[in-house]
Amino acid sequence: MTLPASTTQAGAPPAERLDAPASPTLAAGTMPVLVPARRWGTGGIVGFMLPFALALVWEASVRLGFSNGRLMPPPSRIGATLWDLAQTGELASHAGATLWRVAAGFGLGAAAGTVLGAVSGASPVMRRIMDPTLQALRAIPSIAWVPLFILWLGIFEASKVALIAVGVFFPVYLGVAAALSGVDRKIIEVGRVFRLSRLQMIRRVTLPAILPAWITALRTGLGLGFMFVVAAEFMGASEGLGYLLVDGQQLGRPDRILAAIIAFAVLGKLADGLLVVVTRPLLTWQDVGRDRL
Amino acid sequence: MLRIDALSKTYADGNQALDTLDLNIRTGEIVALVGGSGCGKTTLLRLIAGLDTATSGEIRLDDAVISGPSADIGVIFQEPRLFPWLTIDDNVAFGLSHLSAFEREGLVANALGRVGLSGHGHRWPRELSGGQQQRTAIARALITRPRLLIMDEPFSALDPTTRQSLHRHLLSLWDESRPTVLLVTHDVEEAVSLADRIIVMRPNPGRLHEEFPNLLSRPRDRMGTGFESISRSILKSLDQSLKPIPQPAARATAGEAAWW
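As you go down the protein sequences, you meet chains D and U in turn.
Numbering of the first sequence is given in our numbering, commencing with residue 1027 and proceeding in unit increments.
Numbering of the second sequence is given in our numbering, commencing with residue 18 and proceeding in unit increments.
No wet-lab data here; the hints were simulated from the structure.
Hints are not guaranteed to be accurate.
So the derived list for chain D, only partly shown, Cβ under 7 Å to chain U, looks like this [claimed, not checked]:
#	residue
1	Glu-1183
2	Val-1219
3	Leu-1233
If you only want the chain U side, here are some residues facing chain D, beta carbon under 8 Å, derived [as the list claims (entries may be wrong)]:
#	residue
4	Ala-66
5	Leu-68
6	Pro-86
7	Ala-88
8	Phe-111
9	Gly-112
10	Arg-143
11	Leu-188
12	Trp-191
On a predicted model such as this, the values are computed, not experimentally measured, just so you know.
For glycine and all other residues, C-beta sits at the position ideal for the given N, C-alpha and C.
Kindly produce the complete structure, drawing on both the sequences and the hints.
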């Protein structure tokens, strides 16, 4: 069959860059593809400007004698401490221990959160059974679990990993359950029109539909994992960045405390960045304004 | 033939959407349902599509009772309802998972070509305009070659030019395999330009009010006297359909009579 020439869209020109100097001419009915403009404001460097400026001001105020820098050491001293820790291998060993705990806790918490969130989100009956209890457990402060976990699992790694897993579990559980119960009825109906079985519906419609919310929940869980690892390493650890914090406090070395905090920030950011990079190919279809915000 | 016998639908909240509705649609016929809000048009389409169950009555497509979604029935909704995580190719091929990749590829390329979207298969739905997305939805519904195509106000969100272009696409696609088409629309002009028969429904509860055979030859001239005449009749009927049915005068009870 040949279609009327006036209505065919074949051969529509490729999408134009929105930051092109001339006003782009788009084919009728063709939406432009948003290509992020490469301006100075969107580069990674701009993110370092504020902390760099603050560090510079603090360094200058110590060097000019406005502060003695004893309780709040200047960036140069913190940098030197970090360098020393790196040289002796302490930094790698502490960071490695922390990362291992976060990875193990994150894996367990995310898996449990995903499974129970899926059960709760997919079945109203299960939600009514499980959700009140889990919401009550969520309200318990993390530190309240510590004595119990030490009694149950001992002072070594298991109790620390369990505490981190608890921290990761709740945001993942909530994210998955909310996303599943909020999947658009209209696209589920399309699946029904094509007579998808229950399993096919989950694989072809529900899972892709909740993917963005699941990834956001994982990122939130990972962030909480890094918060909980500090609490975990406060409870009798002999290595880890949390231990470095306690050590710095006991030795009266604020530079070590700040070095550990910076190491936490860098590790957290790198872990989150890794999660974003790994999951980005799964979300290329999203119609979002992240590049414009 | 699509045969609907004494179909009623009452929702759990007591709202009666349809009341003992009878309707026959011949194979290959295009029928348009028009009517005010709440006259049960969408409910009727959902029952025929197998997306909802009737309170009583029966729907048969070529003597087979419809009790759920069927491969013989294609549905086009008011919104394109494309899966945003699938490319246009994959959206169109959604109902073809039982075929090999090679077979799917050929059918999808052909279907996209027929709706004027060749070369757009690799794109995401978000990259297409509303009209292009609706054409994708039409291709997705027609690629499985359904015997009955149900359309629930599929062009209502589009501008007049795109709408008319899609009318031409739809008619040329229909002309190829002549499926039975049941179209719900609020637009009387759209109904007259597409349908062989226009049925006016009345609300509270939804019933058939009046039907108009449309014998105008295609392509239909919207400025022609025949087109205008049938459009006017339908509009008049729509007006009447919205007026409450006069109830027989209530008789005074014995008590009331005594009071007088």
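Worksheet entry | Residue hint Arg-143(U), partner chain D, criterion CB-CB below 8 Å | For Arg-143(U), the interface hint holds, since the closest Cβ of chain D sits about 4 Å away, which is under 8 Å.
Discussion item. The hint names Phe-111(U) as touching chain D; please verify it with the least Cβ-Cβ distance against 8 Å.
Written reply: 6 Å, holds
Worksheet item: Holds or violated: is the Cβ of Leu-68(U) closer than 8 Å to a Cβ in chain D?
Response: 6 Å, holds
Discussion item. Please check whether Ala-88(U) passes as an interface residue: C-beta within 8 Å of a C-beta belonging to chain D.
Written reply: 7 Å, holds
Practice prompt. Classify the hint on Val-1219(D) as holds or violated, based on whether any CB of chain U lies nearer than 7 Å to its CB.
Written response: 5 Å, holds
Discussion item. Is the interface hint satisfied for Leu-1233(D)? The criterion is a beta-carbon contact with chain U at less than 7 Å.
Written reply: 10 Å, violated
Practice prompt. Using Cβ atoms only, decide whether Ala-66(U) comes closer than 8 Å to chain D, and label the hint accordingly.
Written response: OK, holds: Ala-66(U) within 8 Å of chain D, min 7 Å.
Worksheet item: Close enough to count: is the Cβ of Gly-112(U) nearer than 8 Å to one in chain D?
Response: With Cβ-Cβ at 5 Å, under 8 Å, it holds.
Worksheet item: Holds or violated: Pro-86(U) as interface residue toward chain D, Cβ cutoff 8 Å?
Response: 5 Å, holds
Item to complete: Against chain D, run the beta carbon of Leu-188(U) and see if the smallest gap drops under 8 Å.
Response: 11 Å, violated
Worksheet item: Would the stated hint for Glu-1183(D) survive a check requiring a Cβ distance to chain U of less than 7 Å?
Response: 39 Å, violated
Item to complete: So, Trp-191(U) near chain D? Judge it on the closest CB pair being under 8 Å.
Response: 11 Å, violated
Checked against the numbered hints given earlier, this structure breaks hints 1, 3, 11, 12; the rest are met.
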